[in-house]
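Enquirer: Sequences and hints are given; from them, build the entire structure.
Under numbering that gives the first Met the number 0, the first residue of the sequence shown is numbered 0, with each subsequent residue one higher.
By construction, these hints were calculated from the structure, which means they are not laboratory data.
Please read these numbers as outputs of a predicted model, since none were measured by experiment.
No residue lacks a Cβ here, since even glycine has one placed at the ideal position from N, Cα and C.
Check before you lean on any hint, since a few could be wrong.
Listed next, with one range per pair, are the computed distances between beta-carbon atoms [to be verified]: (1) Ser23 x Val147: 36 to 44 Å; (2) Gly153 x Thr49: 31 to 39 Å; (3) Gly87 x Gly137: 41 to 49 Å.
Distance condition first, Cα-Cα at most 20 Å in a straight line; then the derived PhoX-like pairs of lysine-lysine [claimed, not checked]: (4) Lys10 x Lys60; (5) Lys32 x Lys3; (6) Lys3 x Lys60; (7) Lys26 x Lys55; (8) Lys84 x Lys55; (9) Lys60 x Lys26; (10) Lys84 x Lys122; (11) Lys26 x Lys3.
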Amino acid sequence: MRKKIVAGNWKMNNDLSQSVNLISEIKNAVAGKELNAEIIICPPFTSLETASALVKDTNVKLGAQNMYFEESGAYTGEISASMLKSVGCEYVILGHSERRAIFGESDEVINKKIKKALASGLKPIFCIGETLEERESGVTNKIVERQVRNGLTGISAEELELIIVAYEPVWAIGTGKTATPEQAQ
0 MRKKIVAGNW
10 KMNNDLSQSV
20 NLISEIKNAV
30 AGKELNAEII
40 ICPPFTSLET
50 ASALVKDTNV
60 KLGAQNMYFE
70 ESGAYTGEIS
80 ASMLKSVGCE
90 YVILGHSERR
100 AIFGESDEVI
110 NKKIKKALAS
120 GLKPIFCIGE
130 TLEERESGVT
140 NKIVERQVRN
150 GLTGISAEEL
160 ELIIVAYEPV
170 WAIGTGKTAT
180 PEQAQ
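Expert: What follows is the structure, given as structure tokens:
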């Protein structure tokens, strides 16, 4: 059985000073403890390099909140897998519902990102989940199945072992409603 994972996506919160303080609190909370879960923090891009130095030689791992599937070029505002690796990231969140909804990321784009992350030595945290409308329409399984199938197209069995699939029902974000373990399964 896989080790449990606790990943914190800080989104567009915490400037550098706040990030340093939060990392210090997290390190203190887990220092010297035998954890039955892998702890991953995903601070804003502006804090990644500092975060990397602060979590070095600890049981806290570093991830990024997104990346682009191209290595370099005229992609204003994007960041590449090699840039993330160069500052010490081991993980990257891909397919988050906010990226899908706000930035229009398709399953196909997410698939390209997953492939690039794997080829670059990053472990993808592949997010899937349905909206409240989709849930109430009874198409949850269809939506999640489509996201998984399209997002993982062309991924080998060996590569699948490196991918964390994170089910986060969009209807539960910020609503106070939570999915039961049975719903998540």
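Enquirer: Would you mind confirming whether the straight-line C-alpha gap from Lys32 to Lys3 stays at or under 20 Å?
Expert: Roughly 15 Å between the alpha carbons, so the hint for Lys32 and Lys3 holds.
Enquirer: Do the alpha carbons of Lys26 and Lys3 lie within 20 Å of each other, as the hint requires?
Expert: holds (18 Å)
Enquirer: Check whether the Cα positions of Lys84 and Lys122 lie no farther apart than 20 Å.
Expert: Distance of about 11 Å is within 20 Å: holds.
Enquirer: With the threshold set at 20 Å, check whether the alpha-carbon distance from Lys60 to Lys26 stays at or below it.
Expert: Holds, because 11 Å separates the two Cα atoms, which is no more than 20 Å.
Enquirer: Straight-line Cα separation of Lys3 and Lys60 no greater than 20 Å?
Expert: holds (13 Å)
Enquirer: Could one say that the CB atoms of Gly87 and Gly137 fall in the range 41 to 49 Å?
Expert: Between Gly87 and Gly137, where Cβ atoms are some 44 Å apart, the hint holds.
Enquirer: Lys84 and Lys55 were given as a pair; does the straight-line alpha-carbon distance stay at or below 20 Å?
Expert: The hint holds at about 14 Å.
Enquirer: Lying within 36 to 44 Å: is that true of the beta-carbon distance Ser23 to Val147?
Expert: holds (37 Å)
Enquirer: Within 31 to 39 Å or not, the Cβ separation of Gly153 and Thr49?
Expert: With a Cβ separation near 36 Å, Gly153 and Thr49 satisfy 31 to 39 Å, so the hint holds.
Enquirer: Given the hint that Lys26 pairs with Lys55, does the C-alpha gap stay at or below 20 Å?
Expert: holds (11 Å)
Enquirer: For the pair supplied as a hint, Lys10 and Lys60, is the alpha-carbon distance within the 20 Å limit?
Expert: Within the cut-off at roughly 17 Å; holds.
Every hint, counting from the list given before, is met by this structure.
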